[in-house]
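S.K.: I would like the entire structure built from these sequences, with the hints used as guidance.
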Amino acid sequence: MSHAVNADTAGTAGSDAGPTPGLSPKAKAALSEGKKAERRLGLLLCAPAILIMAAVAGWPIVYSLWLSLQRYDLKFPDRTEFVGLENYVTVLSNPYWWNAMWVTVLITVVSVAVELVLGMALALIMHRTLVGRGIVRTSTLIPYGIVTVVAAFSWRYAWTPGTGYLAETVAGGDPVLTEKIPAIMVVTLAEIWKTTPFMALLLMAGLALVPDDLLKAAAMDGASAWQRFTKVMVPVMKPAILVALLFRTLDAFRIFDNLFVLTAGSQGTSSVSMLTYNNLIKGLNLGIGSTMSVLIFIAVAIIAFVFVKLFGTAAPGGDGGGRR
Amino acid sequence: MAEIVLDSVTKQYPDGAVAVRDVDIEIADGEFIILVGPSGCGKSTTLNMIAGLEDITSGELRIGGERVNERAPKDRDIAMVFQSYALYPHMTVKENMAFPLRLAKVDDATVEKKVRDAAEILDLTQHLDRKPSNLSGGQRQRVAMGRAIVRNPKAFLMDEPLSNLDAKLRVQMRTSVSRLQKQLGTTTVYVTHDQTEAMTLGDRVVVMRGGAVQQIGAPQFLYDNPANLFVAGFIGSPAMNFVPAALEHGVLRSALGDVPLTDRVRGLLEGADAPREVIMGLRPEHFEDARLVDEAVRAKGVTFTDHVDVLESMGSDKFAYFSLQGEQATSAELAELAADAGAADVPGGGVSLVARIAATSTAVEGEPADIWFDADKVQLFDPANGRNLTYSG
Ligand SMILES: Nc1ncnc2c1ncn2[C@@H]1O[C@H](COP(=O)(O)OP(=O)(O)OP(=O)(O)O)[C@@H](O)[C@H]1O
Ligand SMILES: [Mg+2]
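Chains as they are written, first to last, in our numbering: chain G, -2 to 321; chain R, 3 to 395.
To be clear, the hints were calculated from the coordinates, so they are not data collected in a lab.
Please read all numbers here as calculations on a predicted model, not as lab measurements.
Treat the hints loosely; a few may be bogus.
To be verified - Capping the alpha-carbon separation at 27 Å, the derived lysine-lysine pairs in BS3-like fashion look like this:
{"no.": "1", "chain 1": "R", "residue 1": "K115", "chain 2": "G", "residue 2": "K228"}
{"no.": "2", "chain 1": "G", "residue 1": "K228", "chain 2": "R", "residue 2": "K156"}
{"no.": "3", "chain 1": "G", "residue 1": "K235", "chain 2": "R", "residue 2": "K96"}
{"no.": "4", "chain 1": "G", "residue 1": "K228", "chain 2": "R", "residue 2": "K116"}
M.R.: Here's what the structure looks like:
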């Protein structure tokens, strides 16, 4: 009896290995027939969005790439010609460009780091407060709601000797915005002041992902408040933290409006965006300006790539799925 | 290991809700005690107060003779198992179980050994390097247990640890929880709203209702001697039958006929100051198909005839459902029990009755049957306050 059963299973196993490969392409074909139709419909539905994206984002990118390969100065329009990568050599061997790059990186790193810490603190406060939650949230969001240029002007006046209270009290009457390092510090401060609420908001969404039971369990397991934070809360909300960092890094890297109002890029405080603006709009040098735009684009792409790679290493294993 | 004493413990939440009122429980060292009651009766709140996750509004909590009201959870040396298991999703099974030991700065070799031992006991050895998200419900539950037992705490607290498992696994895990507790001999407080778990697991059961303790005792004692209607109706499955009755000249007039008071019942009623209108409680197993009862025994009980609404054969015996004429027994307790069971809005007036009769019974669905019950097993309750008038504790 058992023999027969064995033979039977062996038989099915054998036939499994046999005809299925012959069968499966057919099945696959049938399946992909439906899949194909679905995919076609999907593409069709996406098409309008793709067209619009191509028009408003794709075309400018391609066009600046094209411009960046030409000598093209509106002051000397008759000297326009295709020069290959010459513009890139010019920009990348220019000390102004590298100074602007380091200023941008400095502002980005410092402001994002400080924003992360402050934003986390704010998020925790907002998450924990039971009374007046709405008021607390609204009031922390105020800086983010003010138009950047308006806020930047109030920062400028505050730091201007004679009119500004910050210049009088903190700086002791010194014109801080006219010196490189102090000016960069003020710009960074303005950035932090303005976007910390945004960071806090993103982090608070992450905090909501940490189940209460998990923190209770950690407390029972003997973790202090700090250990609960570092060993449970932060690892569990890591995806949210990374998203917040990515958003803010990309944003900070393109800093323009605060700088434009506060220093206008004087004393070597230009960011890469500032420098690009000066070349492209003020200098009317479309070739060099476009080259700089393309370089910024590449830098931003690298930042995004690094972060997405980081997600890639954090996501598998279903860290997200295990939370349910 | 230690005894836990709750001395008139009360919990009032900031919003003013009193979740637990004047609870006195003395839990002996090594005892397995069950907190049971309907949803919202304050079981979790009580457990969280013992754990230190909720502040105690008034009263005293002592663990091992020491007042611990003000101590943080981590200084109470108590482990807890949550309904959601609360496993750390970013850690492997091994890291989850080692977490309390790592926090206690236990050296690596000891951690390794203790985790191995616990994994051995819980049959988790081959899963140690997996993440919780890749485990089945039962495995996760065991990891949660493992995390509790590795550090050898003074007590285990468990808040409905099995209620996320399917029925079959729940029965299986119930046995292993019980075995584990016996093996370790650690004081355990276990919360459930499932009366079967309460009956099978604990040394003693605490029945709670609306934040107050109704009765504390061994499962069998609670079953045989419920202090009031609530406990009587809550413990036992299928639940006790309640039939309104009137005490007149030494007999109980009810929809089941006139029930004579036996000597035992009469004796218990003597000091009880019973009202005229009472609620008569009868366990399903105290009924029998009259045809299967000897003449001599039959005389000691009451026989009635009614249509069998539904007949369920369980193999070992049969459940016969009747709907009797007359008013349903009413009281606040019964209404709450019905609400908890989700039966509050089941249609149909009259008294419904369940009788557990022998599998050999020839009763037929939809036909009348003669059913006998033991008059000596009758329990009488005061409808006004639910008190058991025949309590013999
Ligand atoms: N944080 C809180 N604030 C205010 N009231 C609360 C809070 N937590 C619980 N309660 C109330 O306290 C009462 C007891 O709640 P508890 O969680 O202890 O019930 P439970 O017996 O565990 O119920 P369940 O079986 O549903 O888990 C409930 O009425 C509930 O509404
Ligand atoms: Mg609960």
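S.K.: When the hints from earlier in the document are held up against this structure, which numbers fail?
M.R.: Hints that this structure does not satisfy do not exist here, as all of them hold.
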